[in-house]
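With chain D fixed as given, assemble chain X onto it according to the hints.
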Amino acid sequence: SSGINAEWPLRPGATEASSTTFPLTFGSPYNAVHDNALVKQVDLPSTTGHFGILPHHVPTIAILVPGTISITNEAGDVAKYFVSSGTATIHPDSSVQILAEEICAVADIDDGAVRAGLEAAQGKLSSASSEADKAAAQIEIEVYQSMISAA
Amino acid sequence: SSGINAEWPLRPGYKLYFEMAVPMLRTTLTLTPSATRGMATLKDIEMRLKSVKNMKKITSSMKMVSAAKFARAERALKPARAYGTGAASLYEKNDFDTSGKDSVLLALSSDRGLCGGIHSNVGKMVKAAHAETPITKAIIVGDKAKAILVKVIGDTFLSCFNNVGKKPTSFTDALDIAEEVLSHDYDTINIVYSKFKNIVSYNTEEKPVPSLESVESNAAIYVYDEVDSEVLRCYQEFTLANIIYHSMKECEASEQSSRMSAMENATKNAGEKIDALTLQYNRTRQAVITRELIEIISGASALE
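Protein chains in written order, with my numbering: chain D, 70 to 220; chain X, 932 to 1235.
This is chain D alone, in the form it adopts within the complex (with noise of 0.2 Å):
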């Protein structure tokens, strides 16, 4: 990806993105997994596919689709959370400001409750009668579907 463009000034106290790592928000209405904090990198899913953000990633705006996100902190640890949809921005100054209405640990998630969600989801699409009750139908398997792929 091409390089930072030199002359947009970082705010003033405003956590620099180094050359390893960027400040990094990450978080629901509830719950502020990241505040400004530098990672390495961090995975998502969005509706133009899933890419991966290095510091001096281009300036993008995205929508998030739901799926998993993969966030390697400054240690390197790598964690993976699922989300609903959202946003994400990386702006010039590498700073990455990522938000989803819902966001859960992978590791939260309960196989069993997803299976049987999966089931009820496809029940619902064969005896959908309008086509916006299918296409939520839909949006519900995907969800589940990658859920499970997630676990």
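Think of the hints as simulated: they come from the structure by calculation, not from any bench.
Just so you know, not all the hints are guaranteed correct.
Stated by the list, open to error - What follows is a set of in silico ranges between Cβ atoms, one per label pair, in the way DEER data are often shown:
1) D:Ala201 to X:Asp1028: 32 to 38 Å
2) X:Ala1151 to D:His119: 26 to 32 Å
3) X:Lys1097 to D:Asp146: 38 to 44 Å
Even for Gly, the Cβ is constructed at its ideal location relative to N, Cα and C.
Chain X in isolation, oriented as in the chain D frame:
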């Protein structure tokens, strides 16, 4: 109750105390027989004492309830702040036009009073803004702000939300409000809300949020890669809901802390009033006894 001149330099709690006490005292005074020589009878003072003691119990328990709700609101505010600041970062790092002529006012308050100056400060800020540039569209959240603003900008109301303040605000509430806002055309939204500073103070602020059109028409947005109109539209809608959610959480914390200190002041003032009334009661009781003694003695000496 009328008659409380808002300019009197009374301590905040006193206003509440008088507002609650005056109607109760008026009733007590009309029910009791008129005092001799204009002095309140013992029964009068006894009733006043009883009502002030009740009031102290009520304000003291309201203070404890507010303290508990405040603790919860402050805890919820922390992630909401990180979330809301993250959401607003696009607007802060870039200079989008927020001076649009076609702006919608979003005033955030709640349904419940007895929280100091929270609602009236929101009303003041809106009235001042209206005096500068007339407001043409307004969405009001909370019955208190609605009551204050209906006389000034009532004809500009697009919609009003109530049932705010009983339970902590959830993200779905913010989604409902955002959906309503987005159903109208505008250039900018001005959110007027109470920003929480600390347990004893808050600031009433106005936060402008640009619309999709303002953002799209500004070349700065195209610094960002992969920006097409569909992505931008989803992004704007979600970000608006996030900013509204953050602002509502700030209001919640400000309101509960303000109610806590208002109730504490009212409790303290009621306590002082109880002391003053108790003294008056004892003095009156002693004066009554002295008067009876004098009557008895002068009656007895008249017989001699």
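Results of checking the hints against the structure:
Here the CB-CB span from Ala201 (chain D) to Asp1028 (chain X) is close to 36 Å, well matched to the stated 32 to 38 Å. Range check, Ala1151 (chain X) to His119 (chain D): about 28 Å between beta-carbon atoms, so the 26 to 32 Å window is met. Roughly 42 Å separates the CB atoms of Lys1097 (chain X) and Asp146 (chain D), a value that falls within the hinted 38 to 44 Å.
Hint compliance for this structure: every hint is met.
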